[in-house]
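Visitor: Could you put together the complete structure from these sequences and hints?
Chain by chain, the residues run as shown.
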Amino acid sequence: MKRWLGIMISLVLLTVVIAACGNSDTSENKTGTVASKNASDAFTLKVVASDVKGDGLDVATEIFKLKYPNAEVQVITGGWGNGGQDLRNKQLILLSGGETADVGKMIWGKDFFRSGVIDDITDQVKNWEVFERLSDGQKDRMMLDGKIYGVTYSNNTVYMFYNKDILAKAGIANAPQTLDELADLARKIREMNLQTDDGKPIYATSFEGGNWATDYWLWANGGQQMTDDYSKTLIDSPESIAAYQFMQDFITEGWAPVIDGSYDQLWLNGQVAVWFCGDWDIPATIDAGINAGYAPMPKGSSGESTTSIGGVEWAVFKQSQHKQEALDFIQILVSEEFQLRTKGLVTDPSLYDNAQLQQIWKEDGSFDGHMAQKEQLQHTRYNFLEAPFLYPEASKIYNAALEKIFVGGANVETTMKEAAAQINQGIEAATKQ
Amino acid sequence: MNQPQPKSLLDVAYFLGMVAVALFLLSPVLWLVSASFQGPGEIFKVPFHWIPERLSLDNYMHAWEVGYVGQALRNSVIVSVIMLFFHLFFNTISGYVIVKYSFEFKAALIIFILATMMLPQEITFLPVFNVVKSLGLVNSWLGLAVPFFFSGFGVFMMMQFARAIPDEILESARIDGCSEYRIFFQMALPLLKPAIAALGIMAFSFIWNEFAWANIVVLSDQMRTLPLTLTLLAKSSDNSVKISALIPASVTAMAPVMLLFFIFQRQFVASVASSGVKG
Amino acid sequence: MRERIELPGVITISSTDGLAWRKRKLTKQGIIYVVLIPTIAYFLLFFYYPFVTNMVWMFTDYNFLDRPRFIGMDNIIRLFHDVYAWRALRNTFVITVLSTPITLCISLLLALAVFYLKMGKAIVRGAIFATYIVSTIVAAVTFKVWFNGELGYVNNVLASIGLKQIPWLTDPFWAMTAIVIVSVWLLIGYFMVIFLAGISGIDSQQLEAGKIDGANTWQLFFRITLPQLKPIIVFASIIAISNYLKTYPSVVILTNGGPYRSTETILMYMFDQGFMSRNVGYASVIGIVIFLITMIIALLQLKLTKFFSE
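Residue numbers (the working numbering), protein chains in the order written: chain X, 28 to 460; chain C, 87 to 365; chain F, -1 to 308.
If you are wondering where the hints come from, they were derived from the structure by calculation, not from laboratory data.
Glycine included, C-beta positions come from ideal geometry on N, C-alpha and C.
Be aware that one or more of the hints could be misleading.
For each label pair, taking beta carbons as the anchor points, the in silico distance ranges come out as [what the hints assert, rightly or not]:
| hint | chain 1 | residue 1 | chain 2 | residue 2 | range |
| --- | --- | --- | --- | --- | --- |
| 1 | X | THR205 | C | ALA341 | 51 to 57 Å |
| 2 | X | GLU208 | C | PHE110 | 34 to 40 Å |
| 3 | F | LEU302 | X | GLY281 | 52 to 58 Å |
| 4 | C | ALA341 | F | TYR46 | 35 to 41 Å |
| 5 | F | ARG85 | X | GLU156 | 49 to 55 Å |
Guide: Shown next, in the form of structure tokens:
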């Protein structure tokens, strides 16, 4: 009987050993690799990203191996979850456990830049050819305190989708070019009490989309979220409050629906005249059979039509033993060859004029959208409370305040002043530490 | 339940009523299945078409190609089988030994184990990641299953069911000269079968849908389990929720568990009923 | 030497210090150690070590990237003053207190209904249990789409029978209701199966005797069935409560804590503090608090139902 026990235990141990040895996909982290001086040395480049195909890393690896034939590119994936938080959390866990990586994909770059784990690459990147062609918004994303820490990539922004059928019904020929024209369109829709074929109400626009939507409205009417040095919030300035009030009026007048997280459902159901969104929603729009047009954003009372710049950054970790190779890899990710091969991951604004890409976009119906985005990208900024800077609670307080205004119909001035006070308090406390 | 009984009208009505209740409760699932065959623009058309107008397999193909759903399926199956085996094995033996043998520190041990039920396991994951790393099991099938080999709940449940085994049976077997091993394997285990089946089903559905730990310990695309693939497909690269991609992946994830349950539920419930086990 | 004394229905053994007995005792000891030592080791490694680590982190300022810095009781003091934490706790309690009795009642009713079903038992039982097999995330996404104010399925049904549409996810009260509905839905299949197992174990002899004595269905249920189900009900309610206190993925998907943080649960708050704000020390405090609360409630329940005196 002791034999039985012995056999069982050894079986279990055997299974454990086999399973452990046979299935690991990562090679053990070899610490202390010497930086290779020779391009044909064998080394492993560790890249932390969302997903190999989605980030185009298979293409990048191919191109990379042309220069470094004996290199291995090992991708640690974190997925797309939670708006990029999953990847960020994974990086935090890896870093806290002492894992070193070479290249990292940063969703909220400035948070990591500030923390000191990222290498300062100003001197190298500022000489890159593509750097000059980047728009201000793109450059903004990559920098902190005037230094470059990351290379931006796959940038997008929101622009105007408009439902041509609804506009036709309202007797309007062209898409609104100013917010006043949008208000006029809204009034017309209300007067004519337009409805869809199945009796659903039609709205002029919708505020779904989170911060991206709100940022635009705020800036268009002259408001600001933070001071330029991020030391104080300006959501309670008179201009900002006027901007939020403008939005709240839209809801009280019935020109826009109350936000409930349904995102694009109303648009896809043909109930929204003007929808501020990005090219990720074009396939669904086409599939839903919406007769859509695309144009840059309308200008607000400030004469601006600025939107938030989206995208991510690629950065080099300070602890990397292969910094030059890492930079070379990153440079591939913004090279023309890469962008042409991956089609969707465009960083260089000049590539919007590329004939090959334009052909592809014409075929999948996103050409107009891309042209609108090309124009809109020139009017972008990176200044939003959402990225965790000094006081991460700030974005939660801000979002709660926005919900109180747009969902709960609370008084704009008091709500924003209260939120601003809390945020400023928090920033102060965080700066003192 | 062996003789066919004549079914009265009341029985049929009762059955139909219960079917209606079940369908009502199950409607979100049915919606999922129906929506998985429809395009992204159609799902939100009002009124919702339970029978799809245009049957489209695009979503499924997209899920299989882009999301490596096939690979994720394989990973989930392997991890679930590993976890299930060890979970049932360890918890059953521990539960049985705790209840059927006497030793000094029993009360303390029971509290020691049951206290872990109160802990939200998520907060253990960060330190456990370090443990798993030192064992060299990061990004491996074993690593995915290891934090769930034992659970306070599993031991507790097996303890409760083992308690129901009458001591007299075991004692008389001992008198007859049976070894402890034989007593366990040939007498206790058969009596514990319904409990093991029940625990098995719960453990399997847990590990099949487990996300939080997998999210931490999986580092490469090839090792992704189904729940991770679901979140991958749910959000496009631009942070918006792509429900149309999530849905067929969800149906694919649900299908094996549903199938297994339907196949095995007869055994499990039949043995529960016949053994008359009290909780 | 062994002696066997037989009395009607009773077997007594008076064992002596025979060799066989001593050998068995040794084997028993062996088994106890061989089985329980790995068990203890596992729990130590995978539960108690992390728990202790969390306790240590409670007293530090740890942001993942720098080394943990000792700051004493600051985190704990902060928790007492933290309005949002208390609100999150309150929300979590509301969800738990509402969901638990509803879930248990419905599951019990369903179990009884299925138990007495004559035909199609397997199908109905399987269909209801299927609601548990659906993963939380998938179910939450489905319900989110269903609870949409204008296009949601639920509101459309309400409208078609002439009722007013409900602002499910945009009103604090209704958002909480929606969360409770989803929380209940997720677990009724699970508890139904547990109760079924319990009901199947009820001594049918007693029920027969009761029927003969002329008791009607209600009396049978309350006097015979229910008392025998008590341990299972206690077991189920402990599981339910500890489960609902940890509500997290469903809330994140349905409302993300909104509208304006009125449905934020404590576990959600903990993760936000830990990962978003990179405040691991503070998150650890919250985690330990959740653990203590769950533990206290469970012990209270066990004490009240005199579990330990069994």
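Visitor: Within 49 to 55 Å: is that where the Cβ-Cβ distance between F:ARG85 and X:GLU156 falls?
Guide: Once the Cβ atoms are compared, 53 Å apart, the range 49 to 55 Å for X:GLU156 and F:ARG85 holds.
Visitor: Lying within 52 to 58 Å: is that true of the beta-carbon distance F:LEU302 to X:GLY281?
Guide: Taking Cβ atoms as reference, F:LEU302 and X:GLY281 lie about 54 Å apart, which means the hint holds.
Visitor: Okay, X:THR205 versus C:ALA341 on CB: inside 51 to 57 Å?
Guide: holds (52 Å)
Visitor: Does the Cβ pair X:GLU208, C:PHE110 satisfy 34 to 40 Å?
Guide: Given range 34 to 40 Å: violated, Cβ gap about 48 Å.
Visitor: Could you check the hint for me, namely that C:ALA341 and F:TYR46 are 35 to 41 Å apart, CB to CB?
Guide: Given a distance of about 38 Å, which is inside 35 to 41 Å, the answer is holds.
In this structure, the one hint that does not hold is number 2.
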